[in-house]
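Chemist: What follows is the residue order along each chain.
Number of protein chains: 2
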Amino acid sequence: MTSYLIGIDGGGTSCRAAVAGPDGHILGRGKSGAANILTDPETALQNIADAAGAAFDDAGLDPAGVTAASAILGVAGHNVGDAVHYVKRRLPFAAADIESDGLIALQGALGDKDGAVAILGTGTIYIARRGGTVSYIGGWGFTIGDHGSGARIGHALLQESLLAYDGIHEASPVTGSVLSEFNNDPRDVVDFARLAKPGEFGRYAPRVFDFAGRGDPVAMRLLRAAAITVDEALDVVVARGARAICLLGGLAPLYRPWLAERHQPHFVEAEADALSGAVALAAQRFGTRPEVVA
Amino acid sequence: MTSYLIGIDGGGTSCRAAVAGPDGHILGRGKSGAANILTDPETALQNIADAAGAAFDDAGLDPAGVTAASAILGVAGHNVGDAVHYVKRRLPFAAADIESDGLIALQGALGDKDGAVAILGTGTIYIARRGGTVSYIGGWGFTIGDHGSGARIGHALLQESLLAYDGIHEASPVTGSVLSEFNNDPRDVVDFARLAKPGEFGRYAPRVFDFAGRGDPVAMRLLRAAAITVDEALDVVVARGARAICLLGGLAPLYRPWLAERHQPHFVEAEADALSGAVALAAQRFGTRPEVVA
Numbered sequence: 001m002t003s004y005l006i007g008i009d010g011g012g013t014s015c016r017a018a019v020a021g022p023d024g025h026i027l028g029r030g031k032s033g034a035a036n037i038l039t040d041p042e043t044a045l046q047n048i049a050d051a052a053g054a055a056f057d058d059a060g061l062d063p064a065g066v067t068a069a070s071a072i073l074g075v076a077g078h079n080v081g082d083a084v085h086y087v088k089r090r091l092p093f094a095a096a097d098i099e100s101d102g103l104i105a106l107q108g109a110l111g112d113k114d115g116a117v118a119i120l121g122t123g124t125i126y127i128a129r130r131g132g133t134v135s136y137i138g139g140w141g142f143t144i145g146d147h148g149s150g151a152r153i154g155h156a157l158l159q160e161s162l163l164a165y166d167g168i169h170e171a172s173p174v175t176g177s178v179l180s181e182f183n184n185d186p187r188d189v190v191d192f193a194r195l196a197k198p199g200e201f202g203r204y205a206p207r208v209f210d211f212a213g214r215g216d217p218v219a220m221r222l223l224r225a226a227a228i229t230v231d232e233a234l235d236v237v238v239a240r241g242a243r244a245i246c247l248l249g250g251l252a253p254l255y256r257p258w259l260a261e262r263h264q265p266h267f268v269e270a271e272a273d274a275l276s277g278a279v280a281l282a283a284q285r286f287g288t289r290p291e292v293v294a
Numbered sequence: 001m002t003s004y005l006i007g008i009d010g011g012g013t014s015c016r017a018a019v020a021g022p023d024g025h026i027l028g029r030g031k032s033g034a035a036n037i038l039t040d041p042e043t044a045l046q047n048i049a050d051a052a053g054a055a056f057d058d059a060g061l062d063p064a065g066v067t068a069a070s071a072i073l074g075v076a077g078h079n080v081g082d083a084v085h086y087v088k089r090r091l092p093f094a095a096a097d098i099e100s101d102g103l104i105a106l107q108g109a110l111g112d113k114d115g116a117v118a119i120l121g122t123g124t125i126y127i128a129r130r131g132g133t134v135s136y137i138g139g140w141g142f143t144i145g146d147h148g149s150g151a152r153i154g155h156a157l158l159q160e161s162l163l164a165y166d167g168i169h170e171a172s173p174v175t176g177s178v179l180s181e182f183n184n185d186p187r188d189v190v191d192f193a194r195l196a197k198p199g200e201f202g203r204y205a206p207r208v209f210d211f212a213g214r215g216d217p218v219a220m221r222l223l224r225a226a227a228i229t230v231d232e233a234l235d236v237v238v239a240r241g242a243r244a245i246c247l248l249g250g251l252a253p254l255y256r257p258w259l260a261e262r263h264q265p266h267f268v269e270a271e272a273d274a275l276s277g278a279v280a281l282a283a284q285r286f287g288t289r290p291e292v293v294a
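Chains as they are written, first to last, in UniProt numbering: chain A, 1 to 294; chain B, 1 to 294.
The reader is advised that the hints may include incorrect statements.
Since the list can't tell identical chains apart, any single copy or any two copies may satisfy a pair.
[What the hints assert, rightly or not] Below are the SDA-like pairs computed for lysine to any residue, each with C-alpha atoms no more than 25 Å apart in a straight line:
#1 88 with 185
#2 113 with 166
#3 113 with 271
#4 88 with 187
#5 197 with 39
#6 197 with 38
#7 88 with 191
#8 197 with 143
No wet-lab data here; the hints were simulated from the structure.
When you get a sec, could you build the whole thing from the sequences and use the hints?
Modeler: In structure tokens form, the structure reads like this:
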């Protein structure tokens, strides 16, 4: 009986899976709902199983084969707390490892080559690989990390809108757009922010890029400050030897022109997506493809 | 029957009350537990009643007289949501107004004179009064306001400690002290920060002042940034006509040398505390003392 390989890309909004033969060749793909193992492990487990089953279906394979398969899961929220152990023990696979969503993204983007990925989305994290050694920079979450992330940019915009309301900082069209959205009542901004999750702050980030592109002085100031945090992290990535850096995440295309000249020559396009990276890692670890990492 | 006046200073850690005759002369004081009307209105109501009763006791008056008294309450969390209305309807007094803790502090600090107070504690807020018109600057809470506050300074320190851990920013004794407190494991810092309330972040602020006083470069950078946010708010206060500014709150004495030269000539000492201010407002509004405010 063939032992299939499964790659899982579990995110906060959806979970994607791919099934492959022992050589890592992808045979089918499937998708399900959110898989955040930190905030909702039970739903994550269900959606991981559903996505894997859907991938087997898509490949024309019996979904019962899922339990004999070996899987690599890339999940958001990896490295925080005991959720990884809890979920790993309950996975419906014969063998499985849980990796960060960043590692599978790096494997997809760079294949087996050295280099780094900068994931610039609702959060930010930087993952560098050199000679089989993987190192993480940043990615500590919205509360005291994720500088330059969409969540932090959106948060900064709301903050600037209140500073503009009070006359402490200059007002501009972008701060005006926020205040009018909240009925020009700062208490409404505060009420929103008090309960907002990172993703809700992050929804304001594209607006900052948009207004900055049209010369809004406050939006430009916020983005320059955000870009400095990204540039500083990229300096560390480069200092660790990365010469090829792939910008990933929803903000990557928006960010690129704001980043420092010194980093522009390092930027490369991704070879493949994170799901392909998860499958490739599964093929190295459980399949017939030799593992590259030391 | 004499209608007594009550002043209440309700804070997040304790509630203080004073009872006065109709002319505002204080006869007795009392104290009880926390009175945060926003996060725990039922406990706040109980502690307000307890503190008022204790003040009557202290004055040698029958605590049953509380229900015939008129009161001014200065409370933290004023101006946010419906909590004020909820609490006001349930107070055990014959008449009462709820004001911000800032307004009673201003009345205590400046008496009936024009000027401003800058409250620099776990949060920050600026209150200016000119010709009977009171205006508030800042004070929007930790999430998207309270720049320069103890909570924001402590938060910034934890953040810098992670940036130092990642090699993105310089390390220094103060970031080292944080990391060693958290077992040199950034995940422990993240776990703490994710659940920390503003007061818990704020407990790190005195450490930043302490290390900055001994020349720690990171602590000095954090304090310079924090002081700029205070100076910017003071600029607005001065632009609104304030010539006498009283620095209040736990961080006030620590902050003063870090604030800009241009503001130093405006700083004055407080005439009296916030509780005295609440009594003075009660005497103006409900007693025999004429109201000054337009």
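Chemist: Could you work out which earlier hints the structure fails to respect and list their numbers in ascending sequence?
Modeler: none
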